[in-house]
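J.: In the order they appear, the protein sequences are chains C and B. Sequential numbering from 1 applies to the first sequence in our numbering. Sequential numbering from 1 applies to the second sequence in our numbering.
Hints listed in this document are in silico derivations from the structure and should not be mistaken for laboratory results. Even glycine gets a Cβ: it sits at the ideal position worked out from N, Cα and C. Certain hints may be false.
[Unchecked claim] A few chain C residues that don't get close to chain B, going by computed Cβ distances all over 12 angstroms:
no., residue
1, Leu43
2, Ser65
3, Leu88
[To be verified] Derived lysine-lysine pairs resembling DSSO-like cross-links, with alpha carbons at most 30 angstroms apart:
no., chain 1, residue 1, chain 2, residue 2
4, C, Lys57, B, Lys49
5, B, Lys69, C, Lys9
6, B, Lys22, C, Lys57
7, B, Lys49, B, Lys22
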Amino acid sequence: DSGVTQTPKHLITATGQRVTLRCSPRSGDLSVYWYQQSLDQGLQFLIQYYNGEERAKGNILERFSAQQFPDLHSELNLSSLELGDSALYFCASNQREGIISTDTQYFGPGTRLTVL
Amino acid sequence: AQSVAQPEDQVNVAEGNPLTVKCTYSVSGNPYLFWYVQYPNRGLQFLLKYITGDNLVKGSYGFEAEFNKSQTSFHLKKPSALVSDSALYFCAVRDLGQNFVFGPGTRLSVLP
Numbered sequence: 001d002s003g004v005t006q007t008p009k010h011l012i013t014a015t016g017q018r019v020t021l022r023c024s025p026r027s028g029d030l031s032v033y034w035y036q037q038s039l040d041q042g043l044q045f046l047i048q049y050y051n052g053e054e055r056a057k058g059n060i061l062e063r064f065s066a067q068q069f070p071d072l073h074s075e076l077n078l079s080s081l082e083l084g085d086s087a088l089y090f091c092a093s094n095q096r097e098g099i100i101s102t103d104t105q106y107f108g109p110g111t112r113l114t115v116l
Numbered sequence: 001a002q003s004v005a006q007p008e009d010q011v012n013v014a015e016g017n018p019l020t021v022k023c024t025y026s027v028s029g030n031p032y033l034f035w036y037v038q039y040p041n042r043g044l045q046f047l048l049k050y051i052t053g054d055n056l057v058k059g060s061y062g063f064e065a066e067f068n069k070s071q072t073s074f075h076l077k078k079p080s081a082l083v084s085d086s087a088l089y090f091c092a093v094r095d096l097g098q099n100f101v102f103g104p105g106t107r108l109s110v111l112p
């Protein structure tokens with residue numbers, strides 16, 4: 001168990017809808033990363049937050065957005081969903097304050113999104 | 001921009017034989033290199049990393065990896081494969097800007 005939790009585990013929705021995925025990082029971790037894993041695209045980095053602020057941006061669509069809250073949990077919002085958005089969405093966390101970063105990311109179990 | 005290549009989509013090895021999963025990288029500056037494993041319907045699990053120091057890095061479950069700067073490679077190895085090692089393996093690199101890039105993954109099948 002990595003200590004990173006994600007909800008929901010599965011999500012089935014229709015095209016055009018909006019969903020929110022939630023991630024709770026390991027206790028004390030300040031950074032949260034979001035990734036999309038699909039069969040044809042592999043593991044794609046979407047976005048990183050550090051202590052509430054956006055730190056890095058990857059291949060994240062404009063229809064997608066994220067935020068990190070004061071309690072350090074993060075949400076990934078996906079809107080105007082398309083069939084191609086069906087994928088596994090992972091979050092990962094690391095970087096505890098006061099500790100030199102070990103760089104290792106700890107991954108949650110993922111949310112499987114199916115868009116019909 | 002940094003990149004990671006895993007030239008083999010699939011690696012098959014017999015149980016008890018040594019295994020190698022290949023990874024090459026391109027990054028500005030000194031690389032921070034990682035290997036992760038993903039079992040079916042699970043998240044990625046950290047195996048090992050190279051930050052600095054000894055080129056041979058030992059990690060979880062008997063895996064090790066050798067950093068080769070001249071060949072820009074970081075191949076994952078295990079002396080004796082187990083059927084339970086069958087999974088998807090990802091190599092990743094982190095640059096100075098804290099950006100992580102993962103390779104496409106290599107599916108390892110260990111045959112009994």
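J.: Are the hints correct? Go through all of them and say.
T.: Evaluated hints:
| no. | hint | result |
| --- | --- | --- |
| 1 | Leu43 | violated, 4 angstroms |
| 2 | Ser65 | holds, 19 angstroms |
| 3 | Leu88 | violated, 9 angstroms |
| 4 | C/Lys57 x B/Lys49 | holds, 23 angstroms |
| 5 | B/Lys69 x C/Lys9 | violated, 40 angstroms |
| 6 | B/Lys22 x C/Lys57 | holds, 28 angstroms |
| 7 | B/Lys49 x B/Lys22 | holds, 15 angstroms |
In summary, the numbered hints that this structure violates are 1, 3 and 5.
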